[in-house]
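**Q** The residues making up each chain are set out below.
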Amino acid sequence: MAIEFKDYYTTLGVARDATEEDIKKAFRKLARKYHPDVAKDKKGAEEKFKEVNEANEVLSDPVKRKKYDELGPNWQDEARAQAPPGGAGAGRPRGPAGPGQEFHFGGTGFSDFFEQFFSGGSRYGIPSEDGGFSPNPSSGAGRARRGGDVEGDVLVTLEEAMTGTVRPISLQLVNSQTGQTETHMFQVRIPAGVTEGRRIRVPGQGEPGGGGTPAGDLYLRVRHAAHPDFHARESDLYHELEVAPWEAVLGAEIVVPTLDGTVKLRLAPGTANGQQLRVRGRGLPKGKDAGRGDFHVIVSVQLPTKLNDAERAQWEQLRTISTFNPRTAPTV
Amino acid sequence: MNDREQPAGDRPVFEPDLEATYTIDRVVEITGITSTTILHFQEQGLIRPVAAGGSGAAPGRFDDEALRRLRRIEHLRTQCGIEGPGLALLVHLLDEVERLRTDLRSRHGH
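Chains W and E, in that order, are what the protein sequence lines are.
Counted from 1, the first sequence has number 68 at position 68 by our numbering; the numbering is strictly sequential.
The number in our numbering is simply the position in the second sequence, starting from 1, with 1000 added.
Everything labelled a hint here was simulated from the structure, so no lab data went into it.
Everything numeric in this text was worked out from a predicted model, so none of it was measured.
Backbone N, C-alpha and C define an ideal beta-carbon position, used for all residues, glycine too.
It is possible that some hints are incorrect.
[To be verified] Derived DEER-like restraints, expressed as beta-carbon distance ranges:
hint: 1; chain 1: W; residue 1: G179; chain 2: E; residue 2: T1023; range: 30 to 40 Å
hint: 2; chain 1: W; residue 1: G274; chain 2: E; residue 2: T1034; range: 48 to 58 Å
hint: 3; chain 1: E; residue 1: G1060; chain 2: W; residue 2: Q276; range: 35 to 45 Å
hint: 4; chain 1: W; residue 1: I298; chain 2: E; residue 2: L1100; range: 23 to 33 Å
hint: 5; chain 1: W; residue 1: G179; chain 2: E; residue 2: G1060; range: 40 to 50 Å
hint: 6; chain 1: E; residue 1: T1023; chain 2: W; residue 2: D41; range: 49 to 59 Å
hint: 7; chain 1: W; residue 1: R280; chain 2: E; residue 2: T1036; range: 40 to 50 Å
Model the full structure from these sequences, guided by the hints.
**A** In structure tokens form, the structure reads like this:
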């Protein structure tokens, strides 16, 4: 299987020495541009949105970024070098899953390249490169063993988490009994309200069992795609609301976007920077009949950076007449 | 990607129930682990039944996460030869690693 190298720096349009802040800004800008709710070309935008998310997934994580940076032009050789020592014919056939990988997922929302280096399947959440976790054919010899469980990540947008969705998934693995590569294709309903890190168990879609024993299970771990406007913690959603100084000081009515529609918020006079406002029941659904999480707005007061003459005059006047002193005199 | 080779609509759809809980007898069936062993792991604090009262679950029932933990423990025992105090230590360390990774991830704006 030909795997295409992904240049994540180009995807985000940042330099290779970009700071974390540069990456965050570039991601937000592109994620907003290609967000399927906003873009006109829905299909094309969805692909771009996923690509941007994947690039952010790697470059915003220092460990993954370091690993990515170490992949040189000979990345395919390096991939092969990552292959765990199998020993002479020691029961780990190198399937088309790719060098060093026992499982290959499709339909997870990540590219083949990402699956190869940064996600991929694992047994019980432990990547095989961390050592010794491949089944040892000599242990329990002669005893039919139930198939092992397989785990993989699935990228879910917050919109999908809100409404639920159905994902076509393919899983390619090597049947350790027959040595044959098998591809399992099925669809999995991602239920509404899935939270970050939640595992979805798909019975019987793990490794095939031997000698009539049952197959293992597949666990898909939910990874929320980063959203330009919201992030989720459990079932609660958080939105950073940028406001002008006078809105915070004098109070304001602001229409705020949520994942489903908008809410009108009344900012009280004297709202502090960083203050949180809560809208009950506008977060993610919480499963059967358990209502929804809350929507939290975090106030972020923004200061103007460019002033015209009239504005400057007003600020100067304010400086003259204001009794406000942010620094209390030190008591010596 | 493989998922384009066959129209997705033709494939079977799994409808997971995230709130499913199982009696210990059912857990024995699903995992192939004996009830004595399961109760032993429970006493060691390696698995926990679903809290009674929460979402109407009866006491002594286990959820999908408990199934995964059990199967992982079995994998560590049978495939990696880890037993006794070392097993508990390793399970707790794996939990800690996962917790820290999740924490790190949320710090990077996910």
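**Q** Are the hints correct? Go through all of them and say.
**A** Going through the hints against the structure:
{"no.": "1", "hint": "W:G179 with E:T1023: 30 to 40 Å", "verdict": "holds (38 Å)"}
{"no.": "2", "hint": "W:G274 with E:T1034: 48 to 58 Å", "verdict": "holds (54 Å)"}
{"no.": "3", "hint": "E:G1060 with W:Q276: 35 to 45 Å", "verdict": "holds (39 Å)"}
{"no.": "4", "hint": "W:I298 with E:L1100: 23 to 33 Å", "verdict": "holds (25 Å)"}
{"no.": "5", "hint": "W:G179 with E:G1060: 40 to 50 Å", "verdict": "holds (42 Å)"}
{"no.": "6", "hint": "E:T1023 with W:D41: 49 to 59 Å", "verdict": "holds (51 Å)"}
{"no.": "7", "hint": "W:R280 with E:T1036: 40 to 50 Å", "verdict": "holds (47 Å)"}
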